[in-house]
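Visitor: Sequence:
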Amino acid sequence: MPDPAAMRLCGFPPLVGERPRVLVLGSMPGAASLAALEYYGHPRNAFWPIMGELFGAGPALPYAERTARLGAAGVALWDVLAACRRPGSLDSAIEPDSIELNDIPGLLAAQPGIRHVFCNGTAAATLLRRHVLGRLPRALPWTRLPSTSPAHAGRSLADKLAAWRVLADTLAVD
Numbered sequence: 001m002p003d004p005a006a007m008r009l010c011g012f013p014p015l016v017g018e019r020p021r022v023l024v025l026g027s028m029p030g031a032a033s034l035a036a037l038e039y040y041g042h043p044r045n046a047f048w049p050i051m052g053e054l055f056g057a058g059p060a061l062p063y064a065e066r067t068a069r070l071g072a073a074g075v076a077l078w079d080v081l082a083a084c085r086r087p088g089s090l091d092s093a094i095e096p097d098s099i100e101l102n103d104i105p106g107l108l109a110a111q112p113g114i115r116h117v118f119c120n121g122t123a124a125a126t127l128l129r130r131h132v133l134g135r136l137p138r139a140l141p142w143t144r145l146p147s148t149s150p151a152h153a154g155r156s157l158a159d160k161l162a163a164w165r166v167l168a169d170t171l172a173v174d
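Going by our numbering, the first residue of the sequence shown is number 1, and it counts up by one from there.
The hints are simulated quantities; they were obtained by calculation from the structure and are not laboratory data. Here the structure is a predicted model, which is why all the values come from computation and not from measurement. Ideal Cβ positions, reconstructed from N, Cα and C, are used throughout, including at glycine. A hint or two may mislead.
[As the list claims (entries may be wrong)] The calculated lysine to any residue pairs, modelled on SDA-like cross-linking and capped at a C-alpha distance of 20 Å, are:
hint, residue 1, residue 2
1, K160, L145
2, K160, E95
3, K160, G56
4, K160, G121
5, K160, L171
6, K160, G41
7, K160, T143
8, K160, G52
9, K160, E53
[As the list claims (entries may be wrong)] Label pairs and their calculated CB-CB ranges:
hint, residue 1, residue 2, range
10, P13, D159, 29 to 35 Å
11, R8, G56, 34 to 40 Å
12, L157, A31, 19 to 25 Å
I would like the entire structure built from these sequences, with the hints used as guidance.
Guide: Have a look at this one:
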């Protein structure tokens, strides 16, 4: 039997620009992202193509430039989970008794300009609802968006992009 500690995965620190206005939460980085040390690092993940359309932060740019452009647009990135055990990359394989939450309430308290939370997929939304919403320092609207993961190929990139446009629309309201 494998050592459970060997399967324990740790996520990334938040990516927060100077004045974030929205927070995009994933559940936990997948194996390809962890190996690349990049948010949404799987080459077939639709996140960066969508960010390219919305904010000019597409996958052809170096990772540092992509994240800088998101930060300049007011988009912060993080995950609901700081750590967990999960064989493979599927959210459905996360062992519920192993989850460790990121300090999302602390981030939101430190970043009062964040006015909306967007969840990248159902797993992130479920984790947020079950474990975090009741502990937030202030009430915030939140929206579940379709997962950009390649494991969720049932929707086309065009459909996902159409749904994700609400992110840019929210930032445009100032």
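Visitor: Which earlier hints turn out false for this structure, listed by number in ascending order?
Guide: Hint 2 is the one this structure does not satisfy, whereas the remaining hints hold.
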